[in-house]
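> Sequences listed follow chains A and B, in order.
So that you can map any letter, position 114 of the first sequence is 114 in the working numbering, and since no number is skipped, the others follow by simple counting.
So that you can map any letter, position 3 of the second sequence is 3 in the working numbering, and since no number is skipped, the others follow by simple counting.
Hints are all accurate, no fakes.
Sample of chain A residues at the chain B side, in silico, Cβ under 7 Å:
(1) N64
(2) L65
(3) P66
(4) M68
(5) Q80
(6) S161
(7) L187
(8) Y190
(9) A194
(10) F198
(11) C201
By construction, these hints were calculated from the structure, which means they are not laboratory data.
Idealized CB from N, CA, C, for every residue including glycine.
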Amino acid sequence: MRLLEAYTWINIRFLLEGLWVTVQVALVAISFSFILGIVLGVLRHIKVPIIHNVLTLTIDIIRNLPLMLHIFIAYFALPQIGIRLNVFWAAIAALTVFESAMISEIVRAGLKSVPKGQIEAGQSTGLNTMQIYGEIVLPQAIKTMLPALVSQFISLIKDSSLATMIALPDLTHHAKVIYSQNTQAVLPIYLAMAVLYFIICYGLSRFSKKLETAY
Amino acid sequence: MNQLMIKFMADLQAGLVVTLGASIITLIFSLLFGTLLAIGQLSKYSWLRKLATIYVEFFKNIPLLVVAMFFFIVVPLYFIPINGFTAGVLGLILYTTAFIAETIRTGLLSIPKGQKEAGQSTGLRESEIMREIILPQAFRVVLPALGNQFVDLIKNSSILAVVAAGDLMYHGDLIASNTFQTLDTYLLIGLMYLSLTLPLSYLMRYLEMRLAWGYQPKRFSLKLSQLEWRKKSSRKELINNETVRSLHLD
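Chain B extracted, bound-state conformation:
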């Protein structure tokens, strides 16, 4: 494994850069589109709600591979030729947007109505209320969930190997078929993926713990005795309630 690593260092580095780059580009765009879509899903216009919901339901229910294949196979044939990287990233963006929209929607729903009403009574415009009051709070609530989406995204970016975009998985596949040392190669690739995803997912678990402690939007009606009981019980218990809830909302 050591020899492999030394021999193919340049390839592996290039792959790592492509994987990370594609993930970050996708994250930026799908955060943007996902936020818009989540706002659309909760808008007062029914056509906008329907449109956003159709988008989310559609992309949540077809495989990522199928989405990526659309850009890799169908688009070049009928419309414009695009390279593998663009095709893969476009597919990733469309797919991830649906999941991020769903996550942010749950965050928006968790903000008490009073916040919006307070904004209205202060004379803020609708867009200002969303931008200045509701979204910042919603982002805080869903930050761990978004982080987990990013971990998923890094894992999903291995789809780039299918469209020959030169990511980590693609290079791993090449090395494996060149050297025939499949086990070593894949373990090495696995370690490199873990070095990206594992710290991130532990960080998110930690954040989940911290945020669950400081901010509990749906527990305003707790009685004092319950609150005291909660203080005594370990933090872990709270986190896991939080996890259960977020699992639900997913």
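This is chain A alone, in the form it adopts within the complex:
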């Protein structure tokens, strides 16, 4: 029963504090990257000649780099060119850049699934581009995008654990702090951390399945 001794209120509260930081980072990064991803996806779908090519190349480059590199660049390299971010915002910036590239790809694919006639109908009614995308195309595309979007959000939550490399006090980091003080606590605290991540991510994926059937 020595394993259970690690589950004291102090340890659990410390883990939950870490969880709260993870949730905060994830929520902020999700909302930023959702907005940015939609804007980028729509911009790529409109196909303005030069902007389109530049965007595509940039997004391909961002998508094909490891997230850990983005995090390191945001925290260690940006100060060299005069941009200083604290740990919290560096993590959010890296996650936002990476995930909004991913989401823009999903949005672009989703927008392609809407028949061209919808855009043409909008144009012939005299709506401007903003209105066409905001009120006609996106609401239809969001249904096809939803499962992919939610799985991207789940992977964002999982990826946020990498920010522990720059000592963001998130769930992973707090777990590390606890069990580096006491080797007895390694297994129980590790399990608690894994279970907490699993509950959040699995809960979200269940929720998205529900949404899918509701639509």
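Could you slot chain B onto chain A? The hints should help.
Same frame as chain A, now just chain B:
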């Protein structure tokens, strides 16, 4: 950046080899386990289905870092001492297997039932049907998706830096902390990662285009007029439908 590259050439090369080696080892094992798991998920025994599904759901929903930490921290403490590279690769294999299993499962589902029935009526055994008929076709369908998994895998292999296994990311981190030229170093490391991932992901996009054109398992019921319309419309349109579908299935 040039100076850095010349000065640390040996380190960077070693890192590149470790990254690529770890990715290839992981790919081989997780393809093997992933295929078995995908077959398990579609098996007729409910306990096997449940077991495989639990595995996939579990590893899809916890961070890779947590999986790798299990082998790096928990296993040496309670069981056997293992080095960083093994720990990282084991974590990568377990994690990637779940995603590859999911990909291959969608491929298996896309093969029409008639193929299996044809095999049965020819008197082939269950294992032969799977090995000779269904799997080769399924692999063809999911090849681009598997390639994208490999790109993800190369990116994920940067987790080896956490367990001090001497991959590209690890060396980059060392160089950055030695020279204090963080921006240059990370840009250099980024270029090296891109040289691995970018060609691969463009190749996969191309394959996706080619395969989408030649083989369309779920479009058998298209009417002739629709088919003609499809021929006229650009290839790109087809590919993107394909992408949307694969995104769904993911």
